[in-house]
Amino acid sequence: MKKNISYMGLYLAVALVLSYIESIIPFQFPIPGMKLGLANLAIVLCMYTIGIKEAFTIDILRIVLTGFLFGSMYTILYSLAGGILSFCIMLLAKKISIFQVTGVSILGGVFHNIGQLIMAYIVICTKGILYYFPILLISGMVTGLLIGLVSLKLLPVVKKIVLKMG
Amino acid sequence: MKKNEIKLILCIVLIAAVSFLVCSGMFTEKGAYVCATINGKVYGYYPLNQNDRIRIETDEGYNILIIEEGNVSISEANCRDHICENHIAISCCGESIICLPHKLVIEIESQQTNTLDGVSY
Numbered sequence: 008m009k010k011n012i013s014y015m016g017l018y019l020a021v022a023l024v025l026s027y028i029e030s031i032i033p034f035q036f037p038i039p040g041m042k043l044g045l046a047n048l049a050i051v052l053c054m055y056t057i058g059i060k061e062a063f064t065i066d067i068l069r070i071v072l073t074g075f076l077f078g079s080m081y082t083i084l085y086s087l088a089g090g091i092l093s094f095c096i097m098l099l100a101k102k103i104s105i106f107q108v109t110g111v112s113i114l115g116g117v118f119h120n121i122g123q124l125i126m127a128y129i130v131i132c133t134k135g136i137l138y139y140f141p142i143l144l145i146s147g148m149v150t151g152l153l154i155g156l157v158s159l160k161l162l163p164v165v166k167k168i169v170l171k172m173g
Numbered sequence: 047m048k049k050n051e052i053k054l055i056l057c058i059v060l061i062a063a064v065s066f067l068v069c070s071g072m073f074t075e076k077g078a079y080v081c082a083t084i085n086g087k088v089y090g091y092y093p094l095n096q097n098d099r100i101r102i103e104t105d106e107g108y109n110i111l112i113i114e115e116g117n118v119s120i121s122e123a124n125c126r127d128h129i130c131e132n133h134i135a136i137s138c139c140g141e142s143i144i145c146l147p148h149k150l151v152i153e154i155e156s157q158q159t160n161t162l163d164g165v166s167y
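Which chain is which? The protein sequence lines are A and B, in order. Mapping to our numbering: the first sequence position 147 is 154, numbers consecutive. Mapping to our numbering: the second sequence position 30 is 76, numbers consecutive.
Since the hints were made in silico from the structure, they are not lab data. Owing to the predicted nature of the structure, the values given are computational and were not obtained by experimental measurement. Note that CB positions come from ideal geometry on N, CA and C, so glycine has one too. Just so you know, not all the hints are guaranteed correct.
[As the list claims (entries may be wrong)] So the derived list for chain A, only partly shown, Cβ under 7 Å to chain B, looks like this: (1) T109; (2) G110; (3) P141; (4) I145.
Could you build all of it, start to finish, from the sequences and the hints given here?
Set out below in structure tokens:
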């Protein structure tokens with residue numbers, strides 16, 4: 008149990024650093040809600056090495072901390088909506104076992120954007136916001152795919168490290 | 047297992063394509079008014095047939111709305127992301143420009159609906 012907390016701390020630190028890197032990228036995406044989601048790499052890796060409950064804990068923590076550090080209250084609100092929905096879907100996808108990491112990550116990316124869009128619709132109350140649905144679907148899929156491919160390559164290495172030090 | 051991923055990607059692309067077609071078919075009627083709402087409450091209605099430059103003050107900052115030749119755009123804003131400034135000009139009913147940090151929605155309508163209360167449909 009003690010081991011787990013140290014690893015969670017490490018994964019959380021990685022997630023925060025990835026969020027920081029993302030926040031200093033000068034390139035501006037034209038659509039609200041479109042981002043690289045690099046921090047999800049840490050969440051996915053944690054999910055597949057330490058465990059699901061631990062991954063969920065650091066997912067919530069990194070959303071709140073990132074919001075305080077680099078965003079605003081609304082950032083936290085939208086990210087939480089997206090994060091919780093995407094985590095539940097990823098959990099289901101992993102349990103059903105028809106997808107590899109890549110598939111789980113794609114679903115995570117897509118539903119993170121869907122969750123954020125739904126929350127934005129609740130806050131703004133305009134049908135027009137749903138106009139962004141198709142493009143956010145594609146961008147969520149692409150970023151999810153990228154994170155998934157990187158996870159696929161990294162998982163064997165990370166698993167070895169965790170087992171060795173464990 | 048790789049096959050499942052390919053199927054998933056194709057599914058998502060298909061859903062995105064279909065919803066895109068549905069969306070683009072919906073916004074074709076030229077509008078008559080642009081309605082600005084802040085946090086759901088109507089801020090003002092402006093006719094599209096008059097060129098205008100309107101400074102909209104929200105709690106979190108300002109946005110400058112430009113009406114020119116029936117096209118509406120935001121030329122300047124002091125929000126964090128400036129996504130509203132980069133948005134392409136809109137002119138058809140139902141189209142909108144949204145400034146999320148300022149909770150501002152600029153939407154094209156064909157006629158003025160209720161001007162007293164907040165409008166949401």
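Practice problem: Run the structure past the numbered hints and jot down the numbers of the failing ones, going up. | Solution: Violated hints: none; all satisfied.
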